[in-house]
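> Each chain is listed here by its residues.
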Amino acid sequence: MVNLEFIINTLSLGSLYAMLALGLVIVYGILKLVNFAYGELIMVGGYTMYLLTFYTPLPWLTVVILAVVAAMLTSLFTELVAFRPVREKSLTAMLITSFAVSTLLQNGALLIISPRARAVTLPQIFQTSVMIAGTSVPWRNILTILTCILTLILLTLLLRRTVLGIALRAAADNFTMTRMLGVPANTVISTAFAISGIMAGIVSIFWIGRSGSVTPTLGAPPLLVAFVATVIGGMNSLTGAVVGGFVYAIIISLLGVILPPGLVEFREAFMFAFVILILVFRPEGLIRSKTSVERIG
Amino acid sequence: MKLAARLKPLDTPLTLVAVVVVLALLVQLMGIDLLTRIVTVMFVSIMLVLGLQLYMGNSGILNFAHIGFMGIGAYTAVLFSMTPEAKVLTNSDLYPFLVPLHLPFVPSLLIGGLVAALFAALISYPLMRLSDAAAVITSFALLVIIHVVLLHWDRVSNGPRTLFGVDNYTTLWVSVVFAVITIFAVYFFKESRIGLRLRASRDDRYAAASIGINMVVMRWLAFVASAFIAGVGGGLWAHFITSFTPYSFYLNATFVVLAMLVIGGPYSVSGAVVGTLVVTAAREVLRGIENQVNIMQIFPQGFFGFTEVVLSVVLILILVFRPTGIMGNRELHWPRRRGEAKPAEPTETET
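Just so you know, the protein sequences line up as chains A and B, in that order.
Just so you know, the first sequence maps onto residues 1 to 297 in this note's numbering.
Just so you know, the second sequence maps onto residues 1 to 351 in this note's numbering.
Mixed in with the good hints there might be a few duds.
[Claimed, not checked] Part of the chain B face toward chain A, derived, beta carbon under 10 Å: (1) Leu130; (2) Ala133; (3) Ile137; (4) Asn291; (5) Phe299.
Keep in mind that the hints were calculated from the coordinates and are not lab data.
Everything numeric in this text was worked out from a predicted model, so none of it was measured.
Glycine residues also receive a C-beta, built at the ideal position from the N, C-alpha and C atoms.
Assemble the whole structure, with the sequences as input and the hints as a guide.
Laid out in structure tokens, this is it:
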């Protein structure tokens, strides 16, 4: 039951979910905005891959990079056009805005491309497997894990070694104080949205790598995963997001094995019930941030 | 004059009711079938949006679970109102003890509302402490949970398959009656002791607590009342549309009611009604354009999602330029005759 295959699959799923959660938390940390449009960034990445592989002869690596860039630009654009004007108003206004942006992007894809699923041509490596210690492991799982490690290293370097990264972390701790010290708010927020978009773009590669096609409603399932993972990890810390992603993958894989067959299809409901329990009894999540903001009351 | 003075406190609900009744009469006189259908759904929407306003407007907390309670109400009401034969025909897997249940229309609706309210009452009390992002995620989680359960509990809901064969009991005037009752109920809730305390805690939590207001209990009462209205509204809708799936009660519907409330103005009862009227009209026009373009086959891949794109852009524009919606914090009032003394404004201020 719990063999090497299970472990590698869960690790790969965890890597994917960790990146997913990171992209959501990096914006939440600064703006306290739960970005409902985050899932649609993944969809944008997916459609970019579909359009580029279908209509252009570009090599696959270029396609992937452009998909990440497209997700990042979309993220920056939504911030500039929708979130910036309502930022000062109220959190509720910002949340409804993000819900509206999500609907807008989803139906934009419906309008411009098609309601039907579009197959994305993937390179060979996404379909082949490799034998490790007697079990066959799909290459894409190994790629997911490696990408996650690389992304985490780069992100850590960015956040710890660059001025922008330090400003970003400071803003997540205390945005008002950071601004008083002369850090421009717009730059910090734009950077957070850019990173969020990049994460969504990277996730889109592997999400599409699993399903093989893209639809306008592609964004909803990853968004739900990101919600749960961030809540499990504690919404204020980036480490928490990574831990939350892996914990989610472990729980969902185990639920698939443990639950009796009739209940497996309800496992999403169990996950969300778990979310509610965490928010009620341990709102700071598994990883307590040094600067948890009061969220109860 | 005496009557006018006595009706003064009922100014706003009477105005709104007048709008609803006049609209219904006009539609009745015109007798266009399509228009009657649109307006009937609109009155059901008024009820749903008012239910949402009751919680969101008075507590200031975004609620994504509303449509979930509408779903619970719809599925419950249908279980009671359908004949045993019709039930078995649409869902042969139904639990045997549910098959013989059969009640008239209105009791079925009320049971639907009560089940939704009961579920809300049991699950929501601990959630009422949460504000901001935590409150939003939990209400969203509630919506997902309700959806997943409806989607997979085949033996009650027929699973993802369409549930059909519901009798069409919701006529234009049935929907008018429910909309009118809801307008009064939501208005009186807002002006009641509970509503006033809830709004006080919305505007300043600590000041409200200092004068002994228990915010959690107030929020909880509002949430349960809101779920009851959603449940009854869901039943009404189900008996109009006559066949539906769990997807009818998910994110798309949530977007529509939120757009209606936010565009109209979440902080006033009139806002909920005005928003529903405006958004329904806009949606029908846009839907008409969408269909026309599809018939003319201008775009090879079809022309879908136009309505939602425009609506979401409008919603964002409203949030940017007029975040309190069309009505702001005001309520509609009966137009005063010239020369009549303007009554003193109530001293309480909102937000």
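> Run every hint past the structure and note whether it holds.
To see whether the hints hold, each was checked on the structure:
Taken as an interface hint, B/Leu130 checks out: its beta carbon lies about 6 Å from the nearest beta carbon of chain A, inside 10 Å. Below 10 Å, beta-carbon pairs count as interface contacts, and B/Ala133 has one with chain A at about 5 Å; its hint therefore holds. Below 10 Å, beta-carbon pairs count as interface contacts, and B/Ile137 has one with chain A at about 6 Å; its hint therefore holds. Checking B/Asn291 against chain A by beta carbon gives a least distance of about 14 Å; that is not within 10 Å, so the hint is violated.
Below 10 Å, beta-carbon pairs count as interface contacts, and B/Phe299 has one with chain A at about 9 Å; its hint therefore holds.
Hint check: a violation occurs at hint 4 only; the rest are consistent with the structure.
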